[in-house]
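Assemble the complex: chain A is given as a structure, and chain B must be docked to it using the hints.
Residue numbers (my numbering), protein chains in the order written: chain A, 1 to 255; chain B, 1 to 562.
If you are wondering where the hints come from, they were derived from the structure by calculation, not from laboratory data.
Treat the hints with care, since some could be wrong.
Unchecked claim - Beta-carbon label-pair distances, calculated as ranges:
{"#": "1", "chain 1": "B", "residue 1": "L327", "chain 2": "A", "residue 2": "K181", "range": "37 to 43 Å"}
{"#": "2", "chain 1": "A", "residue 1": "D65", "chain 2": "B", "residue 2": "L196", "range": "31 to 37 Å"}
{"#": "3", "chain 1": "B", "residue 1": "G32", "chain 2": "A", "residue 2": "G13", "range": "21 to 27 Å"}
{"#": "4", "chain 1": "A", "residue 1": "E71", "chain 2": "B", "residue 2": "L497", "range": "34 to 40 Å"}
{"#": "5", "chain 1": "B", "residue 1": "V345", "chain 2": "A", "residue 2": "G13", "range": "48 to 54 Å"}
{"#": "6", "chain 1": "B", "residue 1": "P7", "chain 2": "A", "residue 2": "G38", "range": "31 to 37 Å"}
{"#": "7", "chain 1": "B", "residue 1": "L327", "chain 2": "A", "residue 2": "E222", "range": "28 to 34 Å"}
{"#": "8", "chain 1": "B", "residue 1": "L196", "chain 2": "A", "residue 2": "R185", "range": "53 to 59 Å"}
{"#": "9", "chain 1": "A", "residue 1": "G13", "chain 2": "B", "residue 2": "R112", "range": "56 to 62 Å"}
{"#": "10", "chain 1": "A", "residue 1": "G13", "chain 2": "B", "residue 2": "L311", "range": "55 to 61 Å"}
What the hints assert, rightly or not - Partial selection, computed: residues in chain A whose CB lies under 8 Å from chain B:
{"#": "11", "residue": "F15"}
{"#": "12", "residue": "A49"}
{"#": "13", "residue": "G50"}
{"#": "14", "residue": "K74"}
{"#": "15", "residue": "Y85"}
{"#": "16", "residue": "L90"}
{"#": "17", "residue": "G104"}
{"#": "18", "residue": "N106"}
{"#": "19", "residue": "L240"}
{"#": "20", "residue": "K241"}
Computed from a prediction, not measured in an experiment: that's the story for all the values here.
C-beta: ideal position from N, C-alpha, C; glycine also.
The chain contents come next:
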Amino acid sequence: MSIAIHDLVKTYGAFTAVDGVSLDVQPGEIHGFLGPNGAGKTTTLRMIAGLLKPTSGRIEVNGHDLAKDPESAKASLGFIPDRPYIYEKLTAGEFLRFHGGLFGLNGSSGNPIGNRVREMLDLFELSRWENELVESFSHGMKQRLVMSAAFLHRPHAVVVDEPMVGLDPRGARLIKDVFRKMSERGVAILMSTHTLEVAEEMCSRISIILKGRIIARGTVDELKALAGGEADVELTSVFLKLTGGSALQEIDEIV
Amino acid sequence: MTSQAFPYLLLPSLWASRNRARRRQRGDLTRGLLFGGVGLLVGASLFQGAYWLTAQLESYEDLGDYLLRLGLSWLFLSFLSFLAFSGVVTALSTFFLSEDLRVLVAAPVPVRRLFHARFLRTVAQASWMVVIFLAPVLMGIGRARCAGIAFYATAVLTTIPFAVIPVAAGTLATLALVNTFPARRARDILMLMGLLFAASLVILLRFIRPEQLLKVESLPDLTDFFATLQSPITPMLPSFWAGESLFASLRGGGDLLHVAALWTTALAAVVLVRMANERWYFTGYSRAQESPKARFTRLRQLEFVVGLLPLSTVRRQLLIKDLKIFLRDVSQWSQLLLLMALVLVYLYNFRVLDLERIPYMTAVVKNLYAFVNLAMAGFVMATVAVRFVFPAVSAEGAAFWIIRTSPVSLRDFLWSKFWTGLVPVLALTEVLTIVGNEFLGVDPFVKSMAALAIIFMSFALVGLAIGLGARYPRFDADPTQVAGSYGGVAFMIQAVLFVIVMIVLLGWPASIYLFQRARRFPLTAPQQMLMAGCFASAAAISIATWLISMRSGVRALHQMGD
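This is chain A alone, in the form it adopts within the complex:
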């Protein structure tokens, strides 16, 4: 199992943001993580990335317990946050070399970071920006640079929070292709997204979280069946039905 979480709980005082979530992502699987705003998606992903400490529960990445052996777990994980904050005063190339260094990649002949950096910049169409400061990048370029960093050290698993935000259609297409290629090579990807078409198109399985609890899990067809819909119904309708989106019907009245 590349990513496995067991009974994960996160509370803030009396508020329970994540309430007993269990999840596993197999090697080569792209697992969609859907839910309305404030459902607990980002909190869960941030716990898997090692940014938040769970109140209880266990997280394993590539067989390493995140609480007991955080360095080994993080070494096999790539994390792509929803907002791409990077060191603004470094160039794209410098940032990737720095990031590689954190994961133990160096410039020696046995571990040629320079070539890998160029590969990633090529892959994410950032080569011509290698020597430009990050501060002059657009949001989409920063997002692609963060993705280059996440895949730089050849992780076994990748956690992605809202990958499509701020990307133009070409960028979005590129990211989808990269994720597919990576999953074909055995990388497990756990991806939260609000773009349901992306989830429908790319994910082999989807988990839907509501108020901190997983309320449904399965393939797209299984979820459609669970919501009592036909096979040709859109995932958006299924999502709204499962997460209680009937309030949207009032929009017409308000407008």
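Same frame as chain A, but now just chain B:
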């Protein structure tokens, strides 16, 4: 088009301040007491100083009056330049770089209304420090001269237009700058210019050697000295008008001409800037949004040099990253210029110290000065540490997730920050101590002890700064704000206490040793034990401060994800 008057546009910042004041957080009371106490202490000292000086001058009759008048004029002149510079920097932020401008410029708000709101905010932000400083000083002067209510009323009436005029000039300069350079580049240029100006001012003031004034033999030259302070353009400046108005009301009279000059100039300045703003604001704002390719230094040699150091890959990359970010940020490295100027002045002071004039006592005084030098080096160390080392963790900013999601232990990360901070702080303070003691010609024993003490103190203070910096990070603030935050002030208080304890623990045994040597008596066994005990305690306190601070810093970083 919105119908609200311009104060409506100030509501968001007022509401934000109100919400900040309402929000209750852990440590609010301590913070309030700490900052309030320090503020009251500074205010009381300024009041007492101004009161004492004015009272002293009163006994010199005409010369005293003349000096007071000159002093007021110079006080306002120095504020004038500060306000103009502060106005330029603040206007750059309030008119062109502030995030909320996107909302306001996109809204149907007339440029004139936006100008009024922003200008008021600029004046308030640029001048509050001057007003806070001026208030106790003027109150001290007024109290010493038993001034009536008219003096305080005049003080308010002169301070307002006096603050408006240079800030208006600064705003106009910013408008011109932004229309010439991209706003972010203009900010760098301004920052550099301001610091070069401050550094040269410090050096210049020191090299005039004002201490000459205190020498009795130089008194005949006093009138010449004051003559140089007056220049033909001084009466044309608002600082002169403000000084004259206040001096007149201090003597029970009134100077309506100068008060009127201040108000009419202030109003004319506002009208002029408003007109210029209506004409060029949008062009400037639009340019400020453009992000051309940033110019920067590649610093390739840095990578080569750091590559030669025996460091692990992670530490090497962290060091390269920290150095590059620091050296590419003009607002950061340019402060080193001011530091260099202060160091030069510091060493120059020891160079010109004429201790040979005190017969018989020279050796004692020299060694006493060696401890003053050590204490000063300790305070320099604390100041440098609070400005450059304490913000080290906060400097990661919103990008800290990169470190926290990487397979680098937070302990390694914090220790890397420690070593990066230690080397320059240790080098700087060792140079200050060794060169200062060399200039003084102190005893070799004291010289070696001071050099060794600096090593221990550097480890302790850099450790304390890093540890507290990790416990009280401010990821959303720039390093200057971080240094002035609650944690920064807490660090300064602990650092000063530490330096005092160290000076006592080192100075006492050293004085016993020097005293015995001067009398050519050998040290007795109890004296030797006392000396060893003091030195060992100093070393133990340093090591404990260093290690305990680092450990608590690492713990705080781990708790960040809770």
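Original post:
Of the numbered hints stated previously, which ones are contradicted by the structure, given in increasing order?
Top reply: Violated hints: 2, 7, 9, 10, 11, 19 and 20; rest satisfied.
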